[in-house]
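Asks: Below are the chains, spelled out letter by letter.
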Amino acid sequence: MTRIDENEVKKALDKPAAYGEDIDLNEYVEGDREVEQIENITDTPEDLKKRMINVGVEADDDGKEGTILFIDNAMSHCSNKAQEGLIIMNTQKALEMYPWARDYYWSAIDPTKDKYTAKTYQEDSDGYFIYVKAGYHIKTPVQTCMMLAKNRSVQNLHNIIIVDDNASLDMVTGCTTVHHANQALHVGVSEMFIGNNSSLSFTMVHSWSDQTAVRPRTNVLMGKNSNYVNNYVVLDPVGTIQSFPNAYLNGEGARCSFNTMCIAHENSNIDTGGCAVLNAPNTGAEIVSRNISYGGKMIARGKLVGNAPGAKAHLECKSIILKDGGVTHAIPELEASCSDVEMTHEAAVGKIAQEQIDYLMTRGLSQDEAVSMIVRGFLVGGIRGLPTNLQSEIDAAIEKANEGN
Amino acid sequence: MSLLEIEDLHVVAGDREILKGVSLKLEEGETCALFGPNGSGKSTLLATIMGYGMTTVTSGKIFFKGKNITHMSVDQRSKLGIGMMMQRPPNVVGVTLGNLVAATAKNGKGVVGVEKEFKMQDFMDRDVNVGFSGGEIKRSELLQLTAQAPDFVMLDEPESGVDLENIDLIGKKVHELIYGKEGTDNGGRKVSAFVITHTGQIMDYIGADKAYVLIHGRIAREGDPNAILEDIKTNGYGVEDE
Ligand SMILES: Nc1ncnc2c1ncn2[C@@H]1O[C@H](COP(=O)(O)OP(=O)(O)OP(=O)(O)O)[C@@H](O)[C@H]1O
Ligand SMILES: [Mg+2]
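Protein sequence lines correspond, in order, to chains A and B. Numbers 3 to 407, taken from our numbering, label the letters of the first sequence in order. Numbers 7 to 248, taken from our numbering, label the letters of the second sequence in order.
Treat the hints with care, since some could be wrong.
Facing chain B, according to a computed beta carbon distance under 7 Å, are these residues of chain A, among others [said to hold, decoys possible]: (1) Leu336; (2) Glu337; (3) Gln358; (4) Tyr361; (5) Arg365; (6) Val382; (7) Leu388.
The set of hints was computed from the structure by calculation and includes no laboratory data. Backbone N, C-alpha and C fix where the C-beta goes; we use that ideal spot for every residue, glycine too.
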């Protein structure tokens with residue numbers, strides 16, 4: 003851990019984030035740090051189970067290497083089926099058990115970044131800690147579910163994922179609210195470390211309530227020839243989300259891709275994207291976002307920073323507006339400090355081409371059916387390697403959104 | 007009443023009047039060829055019959071099966087039995103040919119599972135039209151029409167850009183679409199067709215009962231398809247391209 007100036011952190015408690023509307027932290031009470039323990043994940047209460055499934059987390063953990071459930075600010079369940087090579091536990095316990103874990107704690111994110119990181123630092127927030135030992139390839143995904151259960155509270159989490167050299171891990175994480183916790187704030191600091199020749203695939207599905215505020219803070223540090231895939235999916239109504247994860251490609255030959263898929267419903271305010279900083283030679287990045295606005299506010303950001311020769315990256319923000327009333331804003335940014343880089347971007351905002359709708363209607367599809375089919379294709383077609391179990395969630399969300407409009 | 011009747015149709019596309027008073031008739035079971043120089047408005051006429059958004063009817067009427075369809079939605083026209091092979095169908099990213107064929111069959115009365123006959127078995131998982139070659143687009147369009155099985159089919163240059171071997175395939179498949187599969191008699195019925203062609207090649211496969219010539223957005227001539235085609239081949243259209 004690098005030296006952190008406590009005074010600076012204190013000052014940062016009032017520091018608004020670079021993007022997104024400011025949130026008054028004093029409007030929220032603390033989230034609970036004592037929660038009911040669920041020994042066996044299949045014993046999860048039915049209402050919670052339903053919410054878990056909604057975000058792609060399986061209450062029956064057969065096909066999973068490990069499962070973690072957080073409710074508000076404490077861990078409620080943790081299981082690890084991998085015999086070797088995998089550590090799964092809560093962050094605070096890991097810091098006690100493994101002195102080396104301290105080296106990672108607050109080393110990828112500066113706690114003075116904004117009020118959300120500062121608060122997380124001050125609280126010594128807990129979260130999940132996942133470590134894959136060098137040389138281990140974890141075959142099936144580790145799943146985590148972060149649930150907001152207490153209304154008007156702030157959920158403060160601090161997650162750490164480390165994939166050591168020559169190793170790999172797939173993570174599926176779902177974040178959601180229990181129905182009565184409509185007006186709450188989720189803050190999640192995630193520090194990820196990917197060693198040389200290692201890969202991490204991180205799929206995150208968010209399903210919140212229509213007044214939830216969400217402020218994740220994620221940084222990823224990447225070694226030589228490492229690979230990072232980040233999928234972020236938001237299909238349901240939400241109050242406000244502002245998320246801008248950063249990947250630092252510090253090792254030669256590293257590759258990352260950020261795929262974001264959002265539906266901005268009426269009254270939702272979503273500001274998402276990703277940033278790839280290509281610090282080492284021959285690194286590559288791809289940022290793709292596909293968004294639909296049903297009258298909400300949608301800001302799609304993307305930033306590529308090329309600092310080393312041979313860096314190659316592409317950025318693509320596309321949004322379809324299906325209903326007037328909201329604002330859709332694409333903000334692609336390219337920045338280079340080196341001549342030998344190749345960075346491109348593509349952005350598009352607008353309605354579906356009438357010609358495409360007409361074409362499908364020629365084959366007998368109704369206007370609504372044609373639009374749904376095109377929207378689904380737009381969302382799914384642009385993003386490679388999305389978990390297949392998400393596809394039915396996407397269909398359901400499109401159908402629901404069409405009905406309400 | 008005729009199967010299709012168009013009365014004094016005026017159509018605007020892209021802020022310009024493209025069709026300037028088109029009237030024509032097509033009887034049930036009839037195959038009709040449509041000739042005309044590039045840019046004369048042939049594709050626009052078919053787009054208007056199908057009801058595409060890029061066309062605006064400023065006056066005139068279109069009747070199909072006795073119904074005034076001038077302002078009907080595209081899918082209603084499709085369900086009434088009109089089918090169309092577009093000259094340049096759009097790419098639809100994320101919608102596979104397989105999905106589109108399945109959705110078409112659900113709304114239509116044709117068959118599925120025949121992609122091999124169209125040499126399209128390797129295209130079913132591909133996004134429709136994206137990166138398809140000229141000939142592949144035609145075969146894909148015909149496969150979709152086969153899933154729909156319309157009563158009246160409009161074909162916009164089915165043979166253009168197609169190599170000789172594939173022209174044979176396309177000619178035979180269009181024949182099937184109109185007359186039914188070999189050995190079946192389609193219940194004695196023959197599907198009506200309106201076919202745009204520059205070379206007349208497709209007529210070798212499906213014949214034609216009559217022809218219209220469209221020039222500068224007006225019907226300039228009507229009559230025997232072979233006689234008209236011969237005349238165009240020897241004397242041209244006698245007009246400058248618009
Ligand atoms: N949406 C549009 N915007 C502007 N111009 C259009 C539009 N649609 C058609 N036109 C114009 O109308 C004219 C007729 O076009 P159309 O495609 O109907 O011609 P065509 O007879 O089918 O020609 P071809 O034999 O080359 O296919 C052309 O000059 C074309 O550029
Ligand atoms: Mg044409």
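Asks: Less than 7 Å between beta-carbons is the criterion; does Glu337 of chain A satisfy it with respect to chain B?
Replies: 29 Å, violated
Asks: Should the hint that Gln358 of chain A touches chain B count as held when the rule is a Cβ pair under 7 Å?
Replies: Cβ of Gln358 of chain A sits 5 Å from chain B, so the hint holds.
Asks: Can Arg365 of chain A be said to touch chain B, with a Cβ gap under 7 Å?
Replies: 4 Å, holds
Asks: Taking the least C-beta to C-beta distance, is Leu388 of chain A closer than 7 Å to chain B?
Replies: 12 Å, violated
Asks: Does Tyr361 of chain A meet its interface restraint, that is, does its C-beta lie within less than 7 Å of any C-beta in chain B?
Replies: Where the cut-off is 7 Å and the nearest Cβ of chain B is about 5 Å from Tyr361 of chain A, the hint holds.
Asks: Answer holds if the nearest beta-carbon of chain B is closer than 7 Å to that of Val382 of chain A; otherwise answer violated.
Replies: With a minimum Cβ separation of about 6 Å from chain B (threshold 7 Å), the hint on Val382 of chain A holds.
Asks: Under the criterion of a CB-CB separation shorter than 7 Å, is Leu336 of chain A in contact with chain B as hinted?
Replies: Nearest chain B Cβ about 24 Å off; hint violated.
Checked against the numbered hints given earlier, the structure breaks hints 1, 2 and 7 and satisfies all the rest.
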